[in-house]
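Asks: Listed below, chain by chain, are the residues.
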Amino acid sequence: MTKIKTSRRSFLKGSVAVGGAALTASTTANASEPDPLITEMQEWAQFTGDGVDATPYGLPIDFESDVVRRNVEWLTADTISSVNFTPIHALDGTITPQGCAFERHHSGAIELRKEDYRLMINGLVEKPLIFTYEDLERFPRENHVYFCECAANTGMEWAGAQLNGAQFTHGMIHNMEYTGIPLRTLLNEAGIKPEGSWVFVEGADASSNGRSIPIEKALDDVFVAFKANGEALRKEHGYPVRLVVPGWEGNMWVKWLRRVEVTDQPIESREETSKYTDTLADGTSRKWTWVMDAKSVITSPSPQAPIKHKSGPLVVSGLAWSGHGAITRVDVTLDGGKNWYQARLAKPGETKALTRFYLDIDWNGKEMFLQSRAHDETGYVQPTKEQLRKVRGLNSIYHNNCIQTWWVKKGGEVENVEVS
Amino acid sequence: MSKSRNLFFLSSLSLVFIFSLAYNFADRNITKLPTKPRTVNAEYDFDLRIIAAANASNAPRELGGTLGLGRKALDEEITAWDLEIAPDGTGLPVGSGSVSYGEEIFSEQCGACHGDFAEGVDRWPELAGGEGTLADEDPLKTVGSYWPYLSTAWDYIHRSMPFGYAQSLSDDDVYAMLAYILYSNDIIDDEDFVLSNENFLDVEMPNAEGFIIDDRNVTEYPLFSRDPCMEDCKLNVEVSMRARVLDVTPEDDGS
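Residue numbers (our numbering), protein chains in the order written: chain A, 1077 to 1496; chain B, 64 to 318.
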């Protein structure tokens, strides 16, 4: 067995090895009987399959029917004003398919036709304007990939390990390639008056969710999107038009965007005072905590994605992201934080978008305490739960970007735990 | 030179003139010509030039400044949609409503979810109580104990409530409901109180001073931006809490 002798891989002396070169032959078994899948004629190899157009718009094959969004019933009073979770434990790469990207509604997902769509720009502008969907399509377009994370993602874990699955602890996130136009293009079209210092953005659904955004951000990278991953937005994500607020909490990504008002003050709406404010241990609360700090999670192995093979080669994989910019590095530990190894990034980190990481190991079949730790381009390093609790206490609800621990047991079963 | 050859020569000249015009026009006003001449298909390139010549009059102009898209919003349209209320009362309509009328309509319109006394039903939000609990292990955040601005409550009731039948309340109804919610929270003691646009800003919200602006850049980022330990970082790792013990995960988890 070839072992790479570097200091960060010194643990290879033990029976867990990191890196492709360190893979052993431990899983190469010899077969005693021929495999009937090979020696016997199979129906799929003999008869024809579906013709084209059998499914004009395709869904995943039945065998993948467990890769779906799930909600946690006890979290909310009903499903109309509720949230569900992306099955991140079963996905790979970085782009989230729209069909399983988490949903958060305050008054349900509405059906709004493009023909009935209107976008108003008003307030402190030279000329208040109304755009139709067709108007929006005539502005110069851009494409950007961004993650959208609910501020409450991992919020149930403040007081301790609670939900047993990456989908439930970290699944209020998705990452899509958006097509649309910068909000600044529309604001410039209306002409911002000098006293305009904020925008209030509002949705067309019955919740009329409205949020205040400083004009600097609005003119920077805020984006009015009408396509995601190449196709129209899904109704649950705001068809036909939603706001994209890169790196900032998902609640500000107003769906069914119908109005942008330039104001000279924040509105302090319900969603930016009574909700999405972070209460500290002394009872005071932080407001305007818009940015999502750097965070990561191992998606596999994880409680819903246990190890089903014996010892030997094992792919440890996860996601990392930061609302401050690009991910530059991810560390992974197998022993609950005694020793850490740099994971391999599938691609260099992109600003405010998910980054996929891998650590390819030779698992010795014994228990592990897996954690991942993200670094972003500002030098910020994802904190432990303990570090966060020291500053914030247990009642922040939002913005929990702590390091997550998965306890991999001897047989490959995985559980959400906290460790000392 | 025959007459026909002469004609051909002239028309060729004029074509070349048109081409150069088109090129120059295009070059200066829209796209840069490729820096390297196209060599793959000279004929194709030639065809493009002909198209450029033919379209010279409506060749695309570079877009800059405003595009003139959209139309001016009418006052009636802005009035219909621009409803939100700012903390200083901007946007608040003229109107009023009493605690007693508020109690009546609250019970009809809101009680099913929020309870007759704004105490909340099932997992629907409590709107009253919780004063002094914000630093507790289990804080109760209500309009009275948590919300910093009265404008937020007026705005939310007016734009988003009742749940399932939004924007169906009159302005006076909203004043009345809010008067009752203030009364339920003991922010107003007088059961004859009438809330109006006149006295709106006089109401003092108990947690008005309870908020600070995001200070993570001071309190957290310096702490969390240090080179982390990579080797022999701790001696012992013990499980201190397990999700399995709580058992609150949905059963169909796909595993």
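The hints are simulated quantities; they were obtained by calculation from the structure and are not laboratory data. The beta carbon of each residue, even a glycine, is placed where N, CA and C say it ideally should be. Treat the hints loosely; a few may be bogus.
Stated by the list, open to error - Taking beta-carbon pairs under 7 angstroms as the criterion, some of the chain A residues facing chain B (in silico):
1) Ala1105
2) Asn1106
3) Ala1107
4) Ser1108
5) Ser1141
6) Arg1145
7) Ile1186
8) Arg1189
9) Asp1192
10) Met1196
11) Glu1210
12) Glu1213
13) Ala1237
14) Ser1361
15) Arg1362
16) Asn1415
What the hints assert, rightly or not - Simulated restraints, written as ranges between beta carbons of each label pair:
17) Glu267(B) <-> Glu1202(A): 19 to 25 angstroms
18) Thr142(B) <-> Trp1150(A): 38 to 44 angstroms
19) Gln1118(A) <-> Ser303(B): 58 to 64 angstroms
20) Glu261(B) <-> Asp1142(A): 35 to 41 angstroms
21) Gly154(B) <-> Arg1189(A): 25 to 31 angstroms
Asks: For a quick check of understanding: which of the numbered hints are violated here, in increasing order?
Replies: The structure conflicts with hints 1, 2, 3, 4, 5, 6, 7, 8, 9, 11, 12, 17, 19, 20, although it agrees with all the remaining ones.
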